[in-house]
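Student: So the sequences go chain by chain: A and B.
Residue 123 in our numbering sits at position 123 of the first sequence, with consecutive numbering throughout.
Residue 1393 in our numbering sits at position 393 of the second sequence, with consecutive numbering throughout.
I should point out that these hints are in silico values taken from the structure, not numbers from a laboratory.
Accuracy of the hints is not assured; some may be wrong.
Just so you have them, the derived chain A footprint on chain B, three or more residues with Cβ under 8 Å [claimed, not checked]: (1) 1015 to 1025; (2) 1093 to 1103; (3) 1271 to 1281; (4) 1387 to 1400.
Note that CB positions come from ideal geometry on N, CA and C, so glycine has one too.
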Amino acid sequence: MLSVAFIALSILWLGLIAYAVLGGADFGAGIWDLFAVGPMATHQRHLINHALGPVWEANHVWLIFLLVGLFTVFPSAFAILMVALFLPLTIVLVGIVLRGAAFMFRTYAADSTSPFARVWSRIFSTSSLITPFFLGAAAAAVASGRIRAVGGITHADLGSAWTTPFALTIGAMAVSLCATLAAVYLIVEARNANDNALAESYRLKALIAGAITAVLGALGIFLSPTQAPLLWQGMLAHAIPIVIITMLIGLATAYSLFARHYHTARVLIILESAFLLGTWGISQIPYLIPPDVTIDKAANTPEVIVTLLIATGIGMVFLLPSLYFLFSVFKRSYAVPERQKREAIPGKVSLE
Amino acid sequence: MSDLLAARAQMGTSLAFHIVFSVLGVGLPLLLCIAEGLALYRKDTMWMMLTRRWTRAAVVLFVVGAVSGTIISFELGLLWPTYIKYSGAVIGLPFMLEGFAFFLEAIFFGLYLYGWERLSPLTHWLCSFPIWISGLASAWFIVSANSWMNTPAGFVFRHGQVTGIHPLQAMLNPSTPYETVHMILACYVATGFGVAAIYAVAMLRGKRGDYYRKGLLLAMTMGVIAIPLQIASGDFNARFLANAQPVKFAAMEAIFKTESGPPLRIGGLADPQTGQVYYALEIPHGDSLLVNFDLNSTIKGLDAYPRDDWPNPLPVHLSFDAMVGCGFFILFVALVFWFLYWRKEGIVPENRILLWGIVLTGPLAFLAVEFGWMVTELGRQPWVIYGVLRTKDAVTTAPGLDISFLAFSLIYVILATALIRLLLEVARSPLPKVEIPGQRQEPEIAGV
């Protein structure tokens, strides 16, 4: 069972979890930006800019890592996914591109009240909402077993796999999970900035978004026996304990938010996301794209995978300390200096 | 529009857009590193002001480079699934290593941009090293993957299946040393003259002072070291191609008939229908001499190969000559600049004609990069993996490719418009006030 392909897939899955808890939170911050109205809106935007500025670019690279990992370790499966999910993935791509560019355009515009900045701000938040939705729906299309590839031949799916009630539910759940992650992180950011009113508002948002995620998750499980039968059977066969742990962590997250243990909540929500994605992965074993493509059948030759694993090991030696350095400089608890609170635009702070 | 044409149009547009930013992503960090190093070493506020100003432009360019690069990594799969099935299996290694290099670049760019107040000046400067080193490494890895498309190696292809894969052999295929060096030098040439052109424009508009002279001087130094090396590297590449990809070479030089002692054709329209080259300037025996150092050596023309395997020589030949032309013009301007600089014993020359020449080198250097890629990519047609997989067999079966092409073209127009606006804002905003520990000086206030 424990083939090199399986090890490589597990590493890719860890990459997926990293993208979800880091990149996902970036999307979530954009979603809250969309809903930021009223007198606190500008304040919220400043906090979001401040939190995202230094790290969003690095968070985003996890996706590239996933993409490259998938096509080097499972080249034939990657080709199938790219044909079958051409439409939703093209929308995801447009979303990612507009989002990244828009965040920078709005942050670096000289006048943040100009129409230029306002339009890009809106593009940033809208694409933050759309992208995780289609990513979630595409993932659900894979899990539901509706992408057929008999003999490696597949056809572009124009909606029969990724617009099912199951896929739409999972798409919506991806959005609410991103929103929950971001809200929990932003509580900590707001408290670091000594802004208790904002922290309280994000606490409420985290609780609401978390509750919505739980409801959508339950709905997903309810729909899966009919709409994702292989996933459902796999879950019953070898993922029941993990499902229960996932639910317990969800409850613990809600409790810690309720009791205002924010740092604990941050750890728990990360664990929750990891377990959610883990449940999906474990339930799908032995399939990569159920029901026609298994992990072993789609894998590159073991020698190539070993080379890739060695390269990944070497890469990680450079990557992990650098990531640690980045987050330790920008995400350590620190009191935001008065000057920086007024200056919303990080790149400009040093220039005035 | 046929699916193949739409997919090629979208890929070509994406590459042409992205390459501008990847070039700057390799070149600018090195300029930043040198300028900040000089600022700290000499306690010179002028160098620090240049560093700050370039950083502001670099962040905007870097982000657009990152998102347009994301488009390309998706498009490799979305548009060419069959290509990625083979190349993912064989040449995935450099793509993966490039992923790590890009990751490091993004991390240290974040630290560099937002860390002015959080890091000590020395640590901040040290953060610029991983940026330019991983930019350099990224370029090497990605171009080695492209080299593999031109001279595939490290696998056996039989009955539509790849076997016997050696990822390292694939990465170190015969083209790799030639292509990678040529592209990396191109990054420094284009960045150097691109930045120099901006300061030349400022000087032509009457801006004078230490700030502009230093900006011009550093950029010109980078460019002038790179351009002669680049022309030498181009010469090596051409002679390598004459053996490794003779069809591409014949198209580049517009040679239809195999003959001994063919002339060097400069410009002209190479018509694949008639097999004639119209309006070209011909230097007798020139091509033979350049390739084999022999006036009468035999060079294979396109007629030595099946018609189905020909690239279209018309754009390939013109792009090649345009690239070479840009290269020599840049070399000429650089030589004049340094001759005058030496004659005046270390004073930056401010001759108007020379400044106009420098202004031209900026866009021409970037055009040379674009033309060079057109030679590589159009010259490899009709193959996507030379001799293994034809482009028409690699394209996706998904519908709506023409709509996709239009949508992405629109995105590029929007991104470019917004980007130009932001860069102009940067250029017009007053120069930053900077302090260096141990040195205070009131900077002059102006633009660019």
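Student: Work down the list of hints and note, for each, if the structure agrees.
Tutor: So, going through the hints one by one against the coordinates:
| no. | hint | result |
| --- | --- | --- |
| 1 | 1015 to 1025 | violated (count 0) |
| 2 | 1093 to 1103 | holds (count 9) |
| 3 | 1271 to 1281 | violated (count 0) |
| 4 | 1387 to 1400 | holds (count 5) |
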